[in-house]
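Participant: So you can see what is in the structure, the chains are spelled out below.
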Amino acid sequence: MIQLEGISKSFKVAERSAGFKQAAKALFVRKHRTVEALSDISFTINEGEIVGYIGPNGAGKSTTIKVMSGVLVPDRGKCSIMGYNPWKDRAAYVKNIGVVFGQRSQLWWDVPVIDSYELLRDIYKIPRAEYKSNLDMLIDTLDLQSIIHMPVRQLSLGQRMRCEIAASLLHSPKVLFLDEPTIGLDAVSKIAVRQFIKTINEQKGVTVILTTHDMHDIEALANRILMIGKGTLLYDGSLQELRSRFGTQRTITIDFERHGQPVYIAGTEQLSWTPERAVYSFDNEQIQVAQVIAKLSEQVNLLDVSIDTKPIDEIIVQLYKEHQI
Amino acid sequence: MSAYLSVIRLRFINGLQYRTAAIAGLSTQLFFGLIFIMVFVAFYSGTAKTLPMSLSEVVTYVWLQQIFLSLIMLWARDNEIFGLITGGNIAYELCRPVQLYGFWSAKLLAQRLANVVLRCLPITAVVFLLPQPYRMSLPQSWTSFILFLISLLLGLLVVVAISMLIYISVFWTMSPTGSIMMIAVASELLAGMIIPIPLMPEWLQKITFILPFRWTVDFPFRVYSGHIPPAEALWGILIQLFWIAVLAGFGMWCLRTALRKVVIQGG
Chain A
1 MIQLEGISKS
11 FKVAERSAGF
21 KQAAKALFVR
31 KHRTVEALSD
41 ISFTINEGEI
51 VGYIGPNGAG
61 KSTTIKVMSG
71 VLVPDRGKCS
81 IMGYNPWKDR
91 AAYVKNIGVV
101 FGQRSQLWWD
111 VPVIDSYELL
121 RDIYKIPRAE
131 YKSNLDMLID
141 TLDLQSIIHM
151 PVRQLSLGQR
161 MRCEIAASLL
171 HSPKVLFLDE
181 PTIGLDAVSK
191 IAVRQFIKTI
201 NEQKGVTVIL
211 TTHDMHDIEA
221 LANRILMIGK
231 GTLLYDGSLQ
241 ELRSRFGTQR
251 TITIDFERHG
261 QPVYIAGTEQ
271 LSWTPERAVY
281 SFDNEQIQVA
291 QVIAKLSEQV
301 NLLDVSIDTK
311 PIDEIIVQLY
321 KEHQI
Chain B
326 MSAYLSVIRL
336 RFINGLQYRT
346 AAIAGLSTQL
356 FFGLIFIMVF
366 VAFYSGTAKT
376 LPMSLSEVVT
386 YVWLQQIFLS
396 LIMLWARDNE
406 IFGLITGGNI
416 AYELCRPVQL
426 YGFWSAKLLA
436 QRLANVVLRC
446 LPITAVVFLL
456 PQPYRMSLPQ
466 SWTSFILFLI
476 SLLLGLLVVV
486 AISMLIYISV
496 FWTMSPTGSI
506 MMIAVASELL
516 AGMIIPIPLM
526 PEWLQKITFI
536 LPFRWTVDFP
546 FRVYSGHIPP
556 AEALWGILIQ
566 LFWIAVLAGF
576 GMWCLRTALR
586 KVVIQGG
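Protein sequence lines, in the order shown, are assigned to chains A and B.
Using the numbering used here, read the first sequence as starting at 1 and increasing by one per residue.
Using the numbering used here, read the second sequence as starting at 326 and increasing by one per residue.
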């Protein structure tokens, strides 16, 4: 459904050092540096997938989204989405996609949300019946009833983001690009947004590509991850694979009856020790959880045990480190 | 409803929210109209020569300027479109299945229409009731009036086409200030906003004839008072159409070029 082949894009950036002298110098001599935002990006996404597109700031995530949504023209490479070339067939192509740029707004600031929606209805030439049923569905699932008649400037960020997402789905797009849809949202709104993305993917078969820095978004939604760094694609695979690659590390936290001497277990690392509580970390492939617990219970009277896998955030940090980005 | 009509409608609604601005603008325009007329009255009473426009024609000209100011002023800026370009929100505009040139023109057109609708009726009512010599006159004939309406609307399209060029220039300059200043100074004079073109020295008149600006102000307002007779007005309307075609064609070409190498600002 979505195919990118060797997409490259570079930007020219003007730069100078700080200070008055440098600023004066820049009046006459400009230094430009070419920044390779994307170099040779290729991937294929199938219909109905939810793909998480991750990478550190400035890695080229948003640039890829902009190329895929027909906003930017790449320097080189081929891209075919639903048979369209996004930048060549822009007007025909964009009817079929929805885009949310989390840091921007597509709603008219001074008028109620519903007015912006009606404009979108006319821009996309959405038939009345379809508009109505889509709108009802969106109002229902995103809980917009109470805010849709308020001017956008009076909405909170979370309310606005829900309205933005709804605005991108009024014309029943087949592909949805979400560029940081949960940025700045509180926990409740984040969960609502995630839930909703999941629903439209399952019920309407919408293919979703989302970029985010919140790994919980990825955990909750994406079965597939694309990781980009310094403009190149570094990882393409499932979250489980990533977990099993890096995620054999476990931590075990134990509470026990007061015990004077610190206890050491071979094959684990003691992270902290107090007479009532201790934390160890170990590699699941070298020593099994049951063994660790058994050894511990030989020495102390266990009251409570909890085992944690390595948080996804840390796995990602490790992955970034591995690729030196 | 077509996308263009719809954006005009929404812009209109948007414009109607600014009641206070309309009232403030109204009093400013009355004030400026009176000042201009006072200057012209002094000027006319101080000369023995017969001037190419009668005082009552000039008074009418000044009031028309004030009534339709929002339609014809070129230095009006729509910060929304500048913001779209310099702030990067243009990304959203490019994800819409519409032609950007027409879409933005519709926005500009709507904003001017919304402003003028709010203001023109009360000013018109006042200026027809003022004592002489400040009172505005009726159009010379029905024919003149209809030609005036047509030429005013075409003039509006010329204004929109010129301002589209200013907006498009922002793709390269990143700041509208320079383009606006240049256009403001040039158009103010060359369109006949400061003094009507027949009162200008002949060499300056010649310059105004080869530029598009006079077709936005000078031409429609003199058609109203009959200073430009209907037969001549028809020719003028053809020239207006010519300018609209040239300016819009050039604007579309520039916009296409700009969009090919557009950089979305701000990540």
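One thing to keep in mind: the hints can contain errors.
Mimicking DSBU-like on lysine-lysine, the simulated pairs with C-alpha atoms at most 35 Å apart in a straight line are [what the hints assert, rightly or not]:
hint: 1; chain 1: B; residue 1: 586; chain 2: A; residue 2: 25
hint: 2; chain 1: B; residue 1: 586; chain 2: A; residue 2: 21
hint: 3; chain 1: B; residue 1: 586; chain 2: A; residue 2: 95
hint: 4; chain 1: A; residue 1: 125; chain 2: B; residue 2: 586
Simulated from the structure, these hints should not be mistaken for laboratory data.
These numbers come from a predicted model, not from an experiment.
Participant: Now look at each hint and say whether the structure bears it out.
Facilitator: Results for each hint:
1. B:586 with A:25: holds, 27 Å
2. B:586 with A:21: holds, 32 Å
3. B:586 with A:95: holds, 22 Å
4. A:125 with B:586: With Cα atoms ~29 Å apart, residue 125 of chain A and residue 586 of chain B stay inside 35 Å; holds.
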